[in-house]
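K.L.:
The lines below spell out each chain.
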Amino acid sequence: MITIKNYIRASSLQEAYDLNQSKQNRIIGGMLWIKMASSNVNTIIDLSGLGLDSITETDTEFSIGAMVTLRQLEMHQGLNNYTNNAIKNSVHDIVGVQFRNMATVGGSIFGRFGFSDVLTMFLTLDCDVELYKGGIIPLNKFSQMDRDNDILVRLIVKKTPGKFVYTSMRNTKTDFPVIACGVSCINGQYRFSIGARPGRALLLTDEKGILSNGLTKQSAESMAEWVSENIPTQSNIRGSAQYRTHLIKVLTKRSLLELEKVK
Amino acid sequence: MEITVNVNEHTIKSDIEPDCLLIDFLREHGCYSVKRGCETSNCGLCTVLLDGKPVLSCSMLAVRANGHTVHTLEGLQEEAKDFVEFIADQGADQCGFCNPGFVMNTISLLRENPDPTDDEIKSYLAGNLCRCSGYEGQLRGIRNYLNSKKA
Ligand SMILES: Cc1cc2nc3c(=O)[nH]c(=O)nc-3n(C[C@H](O)[C@H](O)[C@H](O)COP(=O)(O)OP(=O)(O)OC[C@H]3O[C@@H](n4cnc5c(N)ncnc54)[C@H](O)[C@@H]3O)c2cc1C
Ligand code: FES
Ligand code: FES
Chain A
1 MITIKNYIRA SSLQEAYDLN QSKQNRIIGG MLWIKMASSN VNTIIDLSGL
51 GLDSITETDT EFSIGAMVTL RQLEMHQGLN NYTNNAIKNS VHDIVGVQFR
101 NMATVGGSIF GRFGFSDVLT MFLTLDCDVE LYKGGIIPLN KFSQMDRDND
151 ILVRLIVKKT PGKFVYTSMR NTKTDFPVIA CGVSCINGQY RFSIGARPGR
201 ALLLTDEKGI LSNGLTKQSA ESMAEWVSEN IPTQSNIRGS AQYRTHLIKV
251 LTKRSLLELE KVK
Chain B
1 MEITVNVNEH TIKSDIEPDC LLIDFLREHG CYSVKRGCET SNCGLCTVLL
51 DGKPVLSCSM LAVRANGHTV HTLEGLQEEA KDFVEFIADQ GADQCGFCNP
101 GFVMNTISLL RENPDPTDDE IKSYLAGNLC RCSGYEGQLR GIRNYLNSKK
151 A
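Just so you know, the protein sequences line up as chains A and B, in that order. Using my numbering, read the first sequence as starting at 1 and increasing by one per residue. Using my numbering, read the second sequence as starting at 1 and increasing by one per residue.
Hints were generated in silico from the structure; no laboratory data involved. Keep in mind that a hint or two might mislead.
Below, in silico cross-link-like pairs of lysine-lysine (PhoX-like), each with a Cα-Cα straight-line distance of 25 Å or less [claimed, not checked]:
(1) K53/B to K88/A
(2) K122/B to K53/B
(3) K53/B to K35/B
(4) K253/A to K263/A
(5) K35/B to K88/A
(6) K5/A to K23/A
(7) K141/A to K208/A
(8) K249/A to K163/A
(9) K208/A to K88/A
(10) K141/A to K158/A
(11) K249/A to K173/A
(12) K253/A to K208/A
(13) K173/A to K53/B
(14) K23/A to K88/A
(15) K261/A to K158/A
(16) K5/A to K13/B
(17) K173/A to K35/B
(18) K122/B to K173/A
Take the sequences, apply the hints, and build the full model.
P.N.:
Take a look at the structure:
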C-alpha cells in the first residue's frame, strides 16, 4: 500500500523538478506502477496541469507529451500510419482499455522497465527524449542511463522514412510479455529492439551486413540467428532463458518477413 | 484537501486525504457498484467513467477527479438496461461479481463503437476478468443485443 502525505499539482516544470529532488517525493504519471509498491511518499507531484497530455504532428516529427496515455498512442492516426500500426500493436495487449487510459508515456519510458513493450517499440523509431534538465538525447542513450531525478518532458519521433513491425509473445493475452520484439528499417538501416529479456530492451543493428544483399527468407533466417545469439536473456517465472532466445529467433525472422510486405 | 466532483450528475464537495483513492471516495458517497477485485490494476472490476472514459478507480487518486465528471453504474442504469438482459439470457454471469465492471466497460465500448465485431468486443473487454465464466456467454449476449438492434 502507498501512503501519501501531500499532493501538489505542479504549476511549472521547475516547481516539479525542485520538488522531485527530495527522495521522499514522487512524480506520478498514471500512478499504476508506483501504486504496486508499498511505500510512504511525502509529496506526490502531479504533472497533469502542465499541458503535457497531447501528441502534435508536423511534417517532420511527432511530439508526444509525457502525460499522453498509452490509449492515446493506440488511437493516434498519424503515429499509426507512420509506424504501420506497430505502435498500436505494441500497446494493445497491455492489460485493458481502462488501464491504457491511465498509464502514461512518461511513466513507461522513464521507468525503463525490463518488460516494457513501450520502450521496446520506441527504440525501433528515430526517437529522442527531452528531459527538463538533461535536454534532448537519443532514446537509446536514455534507455541505458541510470535513474535520476530529472523529468521526462516529451518524446520526439522523427518522421524518418521507415517500416516498422512489432510482435510479442505472452503466456496469456494481457500478461507481461515473455519476449517483446520490434523490428524496423529506417533509411535503409535495420534495427532490432528486444525487450522482456527479461531485462531492459536492447537495440541491435545489422552491423555484420547480413541483410546488405537484400531481405530473403535465407538472409532473414541468418539475421534472426545472429540477433538471438547477441541478445542476452535470463530465466524468470514467465520463461527460461533458452525459451526466450528461441523466441527471439522466431519473432525476428517473422518480423523481417512481415517488414518486407509493408508498403 | 477539498475536492469537487460531479458524480452521476450530482455535485459532491468533499474533504479528502491526499491518498484517498477514487474507489473509496465513490463508495463513501454511496456508489456500491464500484468494487475491489484485484487492486493491482488488472481485473477491471472497479471501472468507472471519468469524463466519459473508462478508468480503474482502484488505481486513481480521488484528487485527480477534482473538477471532473464521474459516472458509475448507479448513474447509467438506463443505458445498461438495453444490453444486460441479453447477457443474463445467456446465463453469462455466475457469481456476478465481475458484472459491474463488465457493464461499465461495455457501455464505453458501445459509445465508442456502436457496431463492433466479435474481435473488437473481445479486445475492448480484455481488461475485465471473470473468474467463473469463459467469457463466451458475455460475448454471445452482446452479439445478440447488437443483432436485435439490426433486426
Ligand atoms: C498490472 C500492470 C501490468 C502491466 N503490464 C504491462 C505490459 O504488459 N507491458 C508494458 O509495456 N507495460 C506494462 N505495465 C507498465 C505500464 O504500461 C506503465 O509503463 C507503468 O504503469 C508506468 O506508467 P505510469 O504512467 O503508471 O507511471 P507511474 O507509475 O506514475 O510512474 C512510474 C515511474 O516513473 C516516474 N515518472 C512518471 N512520469 C515521469 C516523468 N514525466 N518524468 C520523470 N519521472 C516520471 C515515477 O516517479 C515512477 O517512478 C504494467 C503495469 C502494471 C501495474
Ligand atoms: S480492483 Fe481495480 S483493476 Fe482490479
Ligand atoms: S461471474 Fe463470477 S467473476 Fe464473473
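K.L.:
Under the criterion that the straight-line Cα-Cα distance not exceed 25 Å, is the pair K53/B, K35/B satisfied?
P.N.:
Holds. K53/B to K35/B sits at ~18 Å (cutoff 25 Å).
K.L.:
Checking one constraint from the list: CA of K23/A to CA of K88/A, max 25 Å. Satisfied?
P.N.:
35 Å, violated
K.L.:
Would you check the hint for K35/B and K88/A, treating anything up to 25 Å between C-alpha atoms as holding?
P.N.:
Roughly 30 Å between the alpha carbons, so the hint for K35/B and K88/A is violated.
K.L.:
Taken at face value, is the distance from the CA of K158/A to the CA of K141/A at most 25 Å?
P.N.:
16 Å, holds
K.L.:
Take a quick look at whether K173/A and K53/B sit within 25 Å of each other, Cα to Cα.
P.N.:
22 Å, holds
K.L.:
For a C-alpha distance cap of 25 Å, please report whether K122/B and K53/B respect it.
P.N.:
18 Å, holds
K.L.:
Against the 25 Å threshold, does the CA-CA distance of K249/A and K173/A hold or violate the hint?
P.N.:
21 Å, holds
K.L.:
Taking 25 Å as the top limit, are the C-alpha atoms of K173/A and K35/B close enough?
P.N.:
Holds, because 23 Å separates the two Cα atoms, which is no more than 25 Å.
K.L.:
Please work out if K5/A and K23/A have their alpha carbons no farther apart than 25 Å.
P.N.:
With Cα atoms ~14 Å apart, K5/A and K23/A stay inside 25 Å; holds.
K.L.:
Are the Cα atoms of K261/A and K158/A separated by 25 Å or less?
P.N.:
23 Å, holds
K.L.:
Hinted pair, alpha-carbon criterion (25 Å max): K5/A, K13/B. Please report holds or violated.
P.N.:
Within the cut-off at roughly 21 Å; holds.
K.L.:
Need the status of pair K122/B, K173/A: alpha-carbon distance at most 25 Å?
P.N.:
11 Å, holds
Consistency note: the structure conflicts with the earlier hints numbered 5, 9, 14.
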